Structure formats: structure tokens, C-alpha cells
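Mind docking chain C on chain R? Use the hints.
Sequence order for the protein chains is R and C.
Numbering-wise (our numbering), the first sequence opens with residue 109 and increments by one.
Numbering-wise (our numbering), the second sequence opens with residue 1249 and increments by one.
Since the hints were made in silico from the structure, they are not lab data.
As the structure is a computational prediction, the values presented were derived from the model and not from experiment.
Think of the CB as a built atom: it goes at the ideal place given N, C-alpha and C, for glycine as much as any other residue.
Do not rely on the hints blindly, as some may be mistaken.
Unchecked claim - Computed footprint of chain C on chain R, listed as stretches where at least three residues anywhere in the stretch have a Cβ under 8 Å from a Cβ of chain C: (1) 115 to 126; (2) 176 to 188; (3) 234 to 243; (4) 273 to 285.
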Amino acid sequence: MTIYSFWIYDKHCNCIYSREYTHSNKSAHAQRTASVLISSPGATVTADSSGVEMQNGMGAPQGTVNKRNDDNISKLLFGICFSLRKIANSITKGGAETARDGDESFDSNIVNNGNRVRTFSTLNYKCHLYETLTGLKMIVVTDMQCRDLGTELANLFNTVYVRNVVENCACPVEFRPGEYIDNTIFTDGVDSYWTNLVEFK
Amino acid sequence: MSKQLKQLGDDIWKNQVEKINSELFTLTYGSVVAQLCKDLDNNYDQVNNELYKMGYNIGVRLIDEFLQKTQLSRCTNMHETAEVVSKIGFKIFLNITPTVSHWTADNKSFGLILVENPLADFVELPNTEARKKLWYSNVLCGVLKGCLEMVQLDCDVSFLQDSLKGDENTEIRVKLNKILKDEIPAGEE
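Looking at chain R on its own, in the form it has when it is part of the complex:
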């Protein structure tokens, strides 16, 4: 089992963090999957690419940080999740009529309350989604045998994100276009969180 990449989008639909992991001893299958995800013209992920390289120490993962926030893969990934959520909501819309008379009720298609997409998979990979009430979306891409990592994403938000972004005065919580989460403590926290899972290989 493998974790390929991890993405965070803010409520303005901008990708504020992207992290790709390159796995050195990939199986042929994983290699194929990964190359599907990371192949786009002019952007190859190799050890000598211009990305922020992690030290190839004991267990430190290789890959890039915040190198692909604005490219097509990122946008498509966001788009598919966005659309899936919309579909999921419109499917359940009929059942959500619980408004009391004269009471302005919140549950409607405006507020995402009724339904949620947790994961979806294709032939080669699986995406796990998690969204907070404040509109932050976190997506992790793994191989398709992986179990549902929704609770892990929630945990990651509760520990690493809240601790290192929200409670970090030096780090903004409203990101302007082109602004990313670039603090190394956060990156290290995310890395150690994922690498400590058995799913990371």
C-alpha cells in the first residue's frame, strides 16, 4: 500500500498545500499509477528536479512540496471532488426537508450538510476526501487497496494543521493567490504523520 500525494484546498478553492511522495522501491503497478498522477509536460518528479527535496536520510520521504499547486492536475483533482460533492448533495436533497415552520433552517443545498463523499477510486488509485465546516478540503491519493483514510485526514487536521497553521501567528489562515503553507514545521509534521502510517511505503 502506498500514499502518493496529499493536497489541501482552502475555501476559496485555491490549493494552499501540495505534497508528492516519490517512492524509490515502487512496484511496477505503483509506478504506473504514480506516473498517471504526476505526468504532465515539463514537470517530472525526479531526485534532481527543482522541487524542495527532502534529505534522503533514514526514513525521510522524497518528493516535492508546493510545486504543483496551480497546475492542471491540482485543478482537475479539485474539480472532480467539487463535482462529486455537488452530485452527492443533489441526490439527497429530497430527503432533507426537515425545516420547522417559520424557522430559517440551514440544511439546504447551500450548506453542505446532507451528504458527503468520502473516497472514490479508479482502476489505479484512490482519493480520500475530508472537509471541515470552515471549508478547508484535504485530499490524499493512495493506491486503491488502501482502507478509508478519512479519520486520518481528520486527525491530521486536528493535530498538525491546527497546531502549526491555525495556532501559528506567523502563518496566515487566509491565503492570497500564490501564497502557500510554506512552513517547514508543518511539512515535517505532515510527513511524519503519513510516514508513520502502515499505509505509507
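Okay, now just chain C, sitting in the frame of chain R:
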């Protein structure tokens, strides 16, 4: 429901919240307000605005901590929101539980009556313009505004009365303007 919320608020306050000395807190806030009055030449409208802005910036971060600690899901209506704000929000961050009251007929606007206000302990406003114009605890309005806006509830939040000014109660008014829609990516319609 209301009882469960109270229980949850109590539990979180007891077990999950870092606490500081309340006098230190009160005095620190007091000196912030005093310094603002000095810096802005006792222009109390500006001081109110500045406090509100500070609160707003606190609120947009505080909401994430709130969600992390409470693990609550979205409220279904404004009544529930009011209960959560009072029994959990104020409880876990200030250890007070304001009374929710004065609902308007359209269920969009309510008052929070602060029986005690830790920000205003030991505070007396001088009997000058300050007493008429300054909303001493205006930072609270900003915090509420920021928090609610982040969960897509666009509200007006302001003080209606303050016992520091000689009013009977200290009351914050919250009025729902609209529910904000999810933003959609640029170029999509």
C-alpha cells in the same frame, strides 16, 4: 439537546483547555484597550473599530480550534447555533454561559446576555465621552463575527447595552444576514 451541549461544554472546559490566570487576562485586555485609547487620541469610534478588527482576526482562527475541540457537526438552525455559541463557545474559551434571549419573530436575531464578563472585571469607565461611546468589550463581537462567518453564517454582531455604561445588562446582539454560499472555482458557473 441543550443539556448535552452543557455537558459537552463542561467536559471540554475541564479536560481540554489550557487555562491562564483570569486576573492576568483581565489586566492584559485592559491595558490593550487603554493603549488603543491613547494611540487613537480617545477617538472611541476608532477604538471600537480596532477592537472589532482584532476580534475578527482572532475569530477566524479560533473557529478551527473550536471545531477541533468540540468535533461538532453543522447546526441545523439559528436556535441551535445560539445554544452552541453560549453553552460551548463562551464556556470553553471564557468559562461563562451567556443567556440566550430576545429572539425576533423571524428567528434570525437573538441577544446574548452576559451576566458576568471576565473582560470587564475591575473596570470602571471614566465619566467622560468614553462612557457614552466606548464599547469596552467590543473584541467579543469581532470574535463572534469572525467565527460565524467562517462557518458560512454572515451575521451582524454588536453590543446593545453594557453594564459598564450604567445599563441594566450587558447584551450582545447577533443578527443573521444570510447564509454564505460555497465559493466556486474561478471560471466555473
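**Prompt:** Per the coverage rule (Cβ-Cβ under 8 Å, at least three residues), is the segment 176 to 188 of chain R covered by chain C?
**Reply:** n = 3 at 8 Å, threshold three: holds.
**Request:** Mind taking a look at whether chain C covers the segment 115 to 126 of chain R? Criterion is 3 or more residues with CB to CB distance under 8 Å.
**Result:** Holds: 3 residues of the segment 115 to 126 of chain R have a Cβ under 8 Å from chain C.
**Prompt:** If you look at each residue in the segment 234 to 243 of chain R, do at least three have a Cβ nearer than 8 Å to any Cβ of chain C?
**Reply:** holds (count 4)
**Request:** Please count how many residues of the segment 273 to 285 of chain R have a CB within 8 Å of a CB from chain C and say whether that reaches 3.
**Result:** Satisfied; 4 residues make the cut.
Checked against the numbered hints above, the structure breaks none of them.
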